[in-house]
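K.L.:
Chains as they are written, first to last, in numbering that gives the first Met the number 0: chain A, 0 to 415; chain B, 0 to 415.
Hints are computed from structural coordinates only; laboratory data are not their basis.
Some hints could be false.
Given that identical chains are not distinguished, each listed pair holds provided it fits within a single copy or across any two copies.
[What the hints assert, rightly or not] Derived pair list, reagent style SDA-like, types lysine to any residue, alpha-carbon separation capped at 25 Å: (1) Lys156 to Ala42; (2) Lys1 to Ala42; (3) Lys156 to Leu22; (4) Lys364 to Arg130; (5) Lys1 to Thr19; (6) Lys115 to Phe203; (7) Lys115 to Val199; (8) Lys115 to Ser190; (9) Lys115 to Ala125; (10) Lys115 to Glu218; (11) Lys207 to Arg175; (12) Lys156 to Ile94.
These numbers were taken from a predicted model, which means no experiment stands behind them.
Here are the chains, one letter per residue:
Protein chains: 2
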Amino acid sequence: MKAEILAIGSELLGPLRAETNSLWLTERLLDAGIEVAVRTTLADDLRLLESAFRVALARADVVVATGGLGPTADDLTREAAAAAAGCLLRRDPSIVEALRARFARYGRVMSPTNEKQADVLEGATALPNARGTAPGQMLEHEGRLLFLLPGPPGEMKPMFDEQVLPLLRARAGETRVVRRRVLRIASMPESEVDEIAAPVYSRFENPKTTILGAVGQVELHLVAHGDGALDADSRIEELAVALRAALPGRIFAEDGRDLPAVVVGLLRERGLTLALAESCTGGLLSARITDVPGASAVLERAFVTYSNRAKVEETGVPPALLEVHGAVSEEVAAALAAGAMRAAHGDVGVGITGIAGPDGGTDEKPVGLVFVAIDGPMGKRVRRSVFPGGRERVRFQATQVALEMLRRGLLGLPPL
Amino acid sequence: MKAEILAIGSELLGPLRAETNSLWLTERLLDAGIEVAVRTTLADDLRLLESAFRVALARADVVVATGGLGPTADDLTREAAAAAAGCLLRRDPSIVEALRARFARYGRVMSPTNEKQADVLEGATALPNARGTAPGQMLEHEGRLLFLLPGPPGEMKPMFDEQVLPLLRARAGETRVVRRRVLRIASMPESEVDEIAAPVYSRFENPKTTILGAVGQVELHLVAHGDGALDADSRIEELAVALRAALPGRIFAEDGRDLPAVVVGLLRERGLTLALAESCTGGLLSARITDVPGASAVLERAFVTYSNRAKVEETGVPPALLEVHGAVSEEVAAALAAGAMRAAHGDVGVGITGIAGPDGGTDEKPVGLVFVAIDGPMGKRVRRSVFPGGRERVRFQATQVALEMLRRGLLGLPPL
Numbered sequence: 000m001k002a003e004i005l006a007i008g009s010e011l012l013g014p015l016r017a018e019t020n021s022l023w024l025t026e027r028l029l030d031a032g033i034e035v036a037v038r039t040t041l042a043d044d045l046r047l048l049e050s051a052f053r054v055a056l057a058r059a060d061v062v063v064a065t066g067g068l069g070p071t072a073d074d075l076t077r078e079a080a081a082a083a084a085g086c087l088l089r090r091d092p093s094i095v096e097a098l099r100a101r102f103a104r105y106g107r108v109m110s111p112t113n114e115k116q117a118d119v120l121e122g123a124t125a126l127p128n129a130r131g132t133a134p135g136q137m138l139e140h141e142g143r144l145l146f147l148l149p150g151p152p153g154e155m156k157p158m159f160d161e162q163v164l165p166l167l168r169a170r171a172g173e174t175r176v177v178r179r180r181v182l183r184i185a186s187m188p189e190s191e192v193d194e195i196a197a198p199v200y201s202r203f204e205n206p207k208t209t210i211l212g213a214v215g216q217v218e219l220h221l222v223a224h225g226d227g228a229l230d231a232d233s234r235i236e237e238l239a240v241a242l243r244a245a246l247p248g249r250i251f252a253e254d255g256r257d258l259p260a261v262v263v264g265l266l267r268e269r270g271l272t273l274a275l276a277e278s279c280t281g282g283l284l285s286a287r288i289t290d291v292p293g294a295s296a297v298l299e300r301a302f303v304t305y306s307n308r309a310k311v312e313e314t315g316v317p318p319a320l321l322e323v324h325g326a327v328s329e330e331v332a333a334a335l336a337a338g339a340m341r342a343a344h345g346d347v348g349v350g351i352t353g354i355a356g357p358d359g360g361t362d363e364k365p366v367g368l369v370f371v372a373i374d375g376p377m378g379k380r381v382r383r384s385v386f387p388g389g390r391e392r393v394r395f396q397a398t399q400v401a402l403e404m405l406r407r408g409l410l411g412l413p414p415l
Numbered sequence: 000m001k002a003e004i005l006a007i008g009s010e011l012l013g014p015l016r017a018e019t020n021s022l023w024l025t026e027r028l029l030d031a032g033i034e035v036a037v038r039t040t041l042a043d044d045l046r047l048l049e050s051a052f053r054v055a056l057a058r059a060d061v062v063v064a065t066g067g068l069g070p071t072a073d074d075l076t077r078e079a080a081a082a083a084a085g086c087l088l089r090r091d092p093s094i095v096e097a098l099r100a101r102f103a104r105y106g107r108v109m110s111p112t113n114e115k116q117a118d119v120l121e122g123a124t125a126l127p128n129a130r131g132t133a134p135g136q137m138l139e140h141e142g143r144l145l146f147l148l149p150g151p152p153g154e155m156k157p158m159f160d161e162q163v164l165p166l167l168r169a170r171a172g173e174t175r176v177v178r179r180r181v182l183r184i185a186s187m188p189e190s191e192v193d194e195i196a197a198p199v200y201s202r203f204e205n206p207k208t209t210i211l212g213a214v215g216q217v218e219l220h221l222v223a224h225g226d227g228a229l230d231a232d233s234r235i236e237e238l239a240v241a242l243r244a245a246l247p248g249r250i251f252a253e254d255g256r257d258l259p260a261v262v263v264g265l266l267r268e269r270g271l272t273l274a275l276a277e278s279c280t281g282g283l284l285s286a287r288i289t290d291v292p293g294a295s296a297v298l299e300r301a302f303v304t305y306s307n308r309a310k311v312e313e314t315g316v317p318p319a320l321l322e323v324h325g326a327v328s329e330e331v332a333a334a335l336a337a338g339a340m341r342a343a344h345g346d347v348g349v350g351i352t353g354i355a356g357p358d359g360g361t362d363e364k365p366v367g368l369v370f371v372a373i374d375g376p377m378g379k380r381v382r383r384s385v386f387p388g389g390r391e392r393v394r395f396q397a398t399q400v401a402l403e404m405l406r407r408g409l410l411g412l413p414p415l
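My request is simple: use the sequences and hints to build the entire structure.
P.N.:
What follows is the structure, given as structure tokens:
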């Protein structure tokens with residue numbers, strides 16, 4: 000089953016205004032085994048709304064609309080849905096009565112404009128709204144299900160959970176279960192990952208796979224539908240096994256952890272401590288590692304050695320090395336890693352030196368050039384990279400490479 | 000003129016995944032006098048996308064699509080837009096060349112799948128993308144304007160501002176000028192800011208003011224419409240003057256700079272260098288400061304002194320102080336600031352020590368307790384805070400307080 004969500008209201012299209020009902024509904028529908036293919040936010044305009052309902056009813060199994068059920072002139076959801084479904088609206092006297100009683104309960108007299116909230120699409124079922132005035136509506140239309148729900152989250156959410164969801168679960172077949180898993184890969188371009196992964200995941204109709212590239216990281220999102228948890232889980236696992244084989248040693252997490260958490264976990268398991276000397280990343284690697292709860296067990300101290308003097312004084316980099324090779328060099332990166340390890344009494348050392356930009360690049364050593372070195376029980380490893388993007392991206396990618404080098408070293412995998 | 004925005008990508012329809020490009024575009028289009036009538040988020044499905052483009056091109060003056068321009072099999076925006084507009088795609092050899100050159104610059108060979116990023120709609124103009132691989136496209140189609148923009152915000156936003164917006168402004172014949180200014184305030188709760196600011200800004204109909212709270216920071220967004228730049232500018236300035244008077248010394252930027260950039264600027268102007276000793280923030284303050292281009296002129300080195308041993312060895316904190324007061328104390332924060340200054344030969348020192356959580360709190364010293372000290376020409380200042388929120392928020396707020404203390408000290412303002 001596929002669903003579409005329509006969020007209705009011109010106020011949702013103003014500046015600085017996120018539309019949150021749709022996000023909430025997306026998650027609820029996914030949990031019920033129903034994928035959301037389209038989410039639309041629409042201004043209060045009758046023709047626009049009518050065409051949106053028409054399009055949605057022509058292609059989705061379930062259409063969920065929120066908003067536009069109030070009493071004012073720009074509440075047009077009922078009229079638009081009726082026109083799109085080709086049916087009439089009729090005023091339900093029992094709802095008019097209930098509205099009047101609600102107003103009376105709060106000691107107010109209902110103005111006539113409120114009566115339009117009792118207009119129900121011909122053939123539709125009204126969904127009572129204990130928390131507000133406008134009832135929701137459910138219509139079966141040529142094999143599709145249309146729900147009109149109020150816009151205020153405090154009314155919409157309980158109506159969905161209590162009245163809509165049970166119905167949808169029954170429709171979707173109560174035993175269908177959705178399982179999702181995210182496979183994460185560091186420091187490998189999205190296009191390279193996809194070239195390897197696509198031939199594998201495209202053999203599978205279920206699970207469905209989406210590839211998502213971020214700075215220094217690629218994610219493969221697997222979503223499986225199954226008859227029961229066991230079936231869905233084994234479908235996910237079957238594809239995960241195939242992807243692991245296609246990308247040997249490259250998937251660093253399948254359990255939602257980020258790369259720093261994985262590396263901290265590996266160091267803790269091995270009882271190893273880490274020492275850092277960062278130049279161009281300026282403390283970002285240290286900050287990312289110490290963002291992991293419990294990082295104090297592996298990181299005792301770190302140095303931000305921005306200047307040459309700091310490199311010499313804190314991590315014992317020989318001044319001659321700086322003179323001969325320059326601060327941004329393989330040799331200095333290695334000396335930083337070894338020096339940090341020594342100065343901080345650590346088991347594993349990391350040294351990073353590079354040109355984050357925007358200035359300071361030359362033809363020989365361009366902006367984005369970074370050397371990362373690790374040192375310790377896995378031996379000495381140095382990697383040269385040239386990262387695209389601005390200062391922030393260069394720095395982040397440098398920390399990502401350092402973490403991936405550590406992970407591979409700690410797991411005994413060959414160098415990146 | 001009316002616009003529609005299409006945000007494309009199945010990953011945008013996953014759970015808990017907000018779609019932010021559309022919000023940003025809405026604001027920019029509104030500034031240019033163009034209302035957004037529909038905003039749609041769409042899964043990567045060729046038929047779905049084609050129908051969405053067809054519908055949008057039939058009713059909107061401007062259609063802006065983001066995403067789906069990458070090299071992978073599920074990047075279908077080009078194909079779908081071409082089908083909806085009834086035109087062919089042709090591969091542009093000069094774009095293929097540019098792509099190849101870009102890959103070569105980073106020492107990589109371009110895989111053939113990347114070539115499809117050079118496919119341009121017949122009759123469309125390619126929009127160069129200096130920050131990524133996929134160029135954008137602009138097509139005039141039966142009196143309507145269609146823009147295809149890349150999905151990554153770092154590529155989409157500058158392309159829109161530099162290439163799309165000038166064109167749209169000209170089209171809209173916008174003589175009304177919009178000016179916006181953002182006033183930023185650090186380490187003050189949103190409710191406190193609003194209690195003071197609301198009586199001021201609510202006296203103004205134009206500019207309109209929106210208050211936006213983030214972790215450790217509050218922003219006042221002022222938007223003025225005017226007949227010409229002079230009129231709009233003077234409207235903004237009139238309100239800004241009133242807000243500055245109501246919040247004396249609290250507004251740290253009106254020019255878009257973040258707090259680290261402001262502090263680095265103040266230190267540079269004064270020719271002062273900075274030395275840091277971070278415990279619970281673990282390098283985050285150093286990382287934020289070195290994210291500012293040119294930070295090397297003020298930050299020579301920094302210490303992450305996570306363990307007590309590191310505090311003693313690197314910054315000379317007397318062991319007796321740690322024993323008597325504990326590592327998380329006013330006294331140790333002050334000693335860290337003074338010690339960092341001494342060890343790094345800096346003019347201004349900062350010391351941070353606290354309990355970031357999730358564990359390690361006691362009744363007397365709860366999670367979120369942080370002491371920040373500064374030392375230097377402005378004298379010694381120490382501040383005790385207890386921050387709400389998880390580990391990440393506590394750490395960020397601690398760096399924010401340190402930066403605001405530095406700013407106030409450097410400007411000769413009274414302590415926070």
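K.L.:
Each of the hints needs a verdict: does it hold here or not?
P.N.:
Verification of the hints:
1. Lys156 to Ala42: Result: close both inside a copy and across copies, 21 Å intra and 24 Å inter.
2. Lys1 to Ala42: both (24 Å within a copy, 11 Å between copies)
3. Lys156 to Leu22: both (12 Å within a copy, 23 Å between copies)
4. Lys364 to Arg130: Only across copies: Lys364 and Arg130 sit 20 Å apart there, 47 Å inside one copy, limit 25 Å.
5. Lys1 to Thr19: Intra 20 Å, inter 23 Å, cutoff 25 Å: intra and inter.
6. Lys115 to Phe203: For Lys115 and Phe203, the Cα distance is within 25 Å only across copies (24 Å; inside one copy 49 Å).
7. Lys115 to Val199: between (54 Å within a copy, 21 Å between copies)
8. Lys115 to Ser190: Result: close only across copies, 12 Å inter versus 51 Å intra.
9. Lys115 to Ala125: within (13 Å within a copy, 50 Å between copies)
10. Lys115 to Glu218: between (42 Å within a copy, 22 Å between copies)
11. Lys207 to Arg175: within (15 Å within a copy, 49 Å between copies)
12. Lys156 to Ile94: Within one copy only: 21 Å inside, 49 Å across.
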